[in-house]
Amino acid sequence: SQTIHQWPATLVQPVGSPLSLECTVEGTSNPNLYWYRQAAGRGLQLLFYSVGIGQISSEVPQNLSASRPQDRQFILSSKKLLLSDSGFYLCAWRSGYSYEQYFGPGTRLTVT
Amino acid sequence: QKEVEQDPGPLSVPEGAIVSLNCTYSNSAFQYFMWYRQYSRKGPELLMYTYSSGNKEDGRFTAQVDKSSKYISLFIRDSQPSDSATYLCAIIVPLKSNDYKLSFGAGTTVTVRA
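Protein chains in written order, with the numbering used here: chain A, 100 to 211; chain B, 68 to 181.
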C-alpha cells in the first residue's frame, strides 16, 4: 500500500531564516505531487504541483519554491521566511490514473 | 466568486443524530467531488468521491450531488463521538499542465456529544 511521509512535523523558525520541508511517497511510482498550505481562516490553498522529476508548476506567487529531485520526493523551500509563511503545510499525491488525492500528516510551521 | 462555498459551522449534535453537511459550487462544468475528514492537527483523509449526480453510500456515510442546483451534500447516519472533526468538501479543477487540483470549501467543524 502507499504511504506518504512529511518532516519535520513541527517547526518554529525566525523571520529571515531559510526553510526546507520534505515529502516522500512510498509504494507507487511516478505520482503527481502537490504542496498545499492551510492557514487559519483561509482554507486549503494549492502552492505547487509536479507531474514528474524536475517539473514544477506554481499556482500562486509567493516567497516559496519547490523542487522534485527524485520521483517520489518533493521539497518545499524558502531562502528567507516571512511571518505570513506561518501555516500548516500539506503534501499530497495522486496516481496518474485517478483523481483522488491523498494527504500526508502535515508540517506545522510557525514563523516568529 | 469562490469556486466552492461551505458553511464553516460549527455544528454540534447528540450521539446518534444525522449530520448534514452542504457545499455549493460555482461552475457547472465541475463533475468530480470529494469529501475529506480532518481531525485536529492532522492531514485530511479522503472519505468519499463522487462523479456527476446522484447518491453514493459507504457505511454510515452518504454523498449526494445535485448538479442542477450545484449543490453537494454529505450525510452521516448514527453519528458517533469519533466523527467529531472538520469536514471539507472539494471539487476537482483542471490545471494548465494536464493536471488537476482540489479546490476546497472552508470546512465545517462537527462535534458529536456523547
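Just so you know, the hints here were simulated from the structure itself, not pulled from any lab data. It is possible that part of the hints are untrue.
For each label pair, taking beta carbons as the anchor points, the in silico distance ranges come out as [as the list claims (entries may be wrong)]:
no., chain 1, residue 1, chain 2, residue 2, range
1, A, Gly151, B, Asn94, 35 to 43 Å
2, B, Asp133, A, Leu110, 23 to 31 Å
3, A, Val114, B, Asp74, 44 to 52 Å
4, B, Asp133, A, Leu181, 38 to 46 Å
5, A, Thr211, B, Arg127, 39 to 47 Å
6, A, Ser164, B, Lys134, 32 to 40 Å
7, B, Gly126, A, Tyr198, 46 to 54 Å
8, B, Ser135, A, Ser164, 40 to 48 Å
9, B, Ser95, A, Ser157, 25 to 33 Å
10, A, Gly151, B, Gln98, 22 to 30 Å
A short list of chain B residues far from chain A (calculated; beta carbon distances all over 12 Å) [stated by the list, open to error]:
no., residue
11, Pro77
12, Gln98
13, Glu112
14, Gln131
15, Ser135
16, Val160
17, Lys163
18, Ser164
19, Asp166
Over 12 Å on every C-beta distance to chain B, these chain A residues come out as not near it, computed from the model [to be verified]:
no., residue
20, Gly115
21, Ser116
22, Thr123
23, Asn131
24, Ile152
25, Glu158
26, Gln161
27, Asn162
28, Lys179
29, Ser197
30, Glu199
For glycine and all other residues, C-beta sits at the position ideal for the given N, C-alpha and C.
Hints, one by one, checked against the model:
no.	hint	result
1	A:Gly151 - B:Asn94: 35 to 43 Å	violated, 28 Å
2	B:Asp133 - A:Leu110: 23 to 31 Å	violated, 42 Å
3	A:Val114 - B:Asp74: 44 to 52 Å	violated, 35 Å
4	B:Asp133 - A:Leu181: 38 to 46 Å	holds, 42 Å
5	A:Thr211 - B:Arg127: 39 to 47 Å	holds, 43 Å
6	A:Ser164 - B:Lys134: 32 to 40 Å	holds, 38 Å
7	B:Gly126 - A:Tyr198: 46 to 54 Å	violated, 22 Å
8	B:Ser135 - A:Ser164: 40 to 48 Å	holds, 43 Å
9	B:Ser95 - A:Ser157: 25 to 33 Å	holds, 28 Å
10	A:Gly151 - B:Gln98: 22 to 30 Å	holds, 26 Å
11	Pro77	holds, 14 Å
12	Gln98	violated, 10 Å
13	Glu112	violated, 7 Å
14	Gln131	holds, 18 Å
15	Ser135	holds, 22 Å
16	Val160	violated, 9 Å
17	Lys163	violated, 7 Å
18	Ser164	violated, 6 Å
19	Asp166	violated, 6 Å
20	Gly115	holds, 27 Å
21	Ser116	holds, 23 Å
22	Thr123	holds, 14 Å
23	Asn131	violated, 6 Å
24	Ile152	holds, 14 Å
25	Glu158	violated, 7 Å
26	Gln161	holds, 16 Å
27	Asn162	holds, 20 Å
28	Lys179	holds, 27 Å
29	Ser197	violated, 9 Å
30	Glu199	violated, 6 Å
Hint compliance for this structure: hints 1, 2, 3, 7, 12, 13, 16, 17, 18, 19, 23, 25, 29, 30 are broken, all remaining hints hold.
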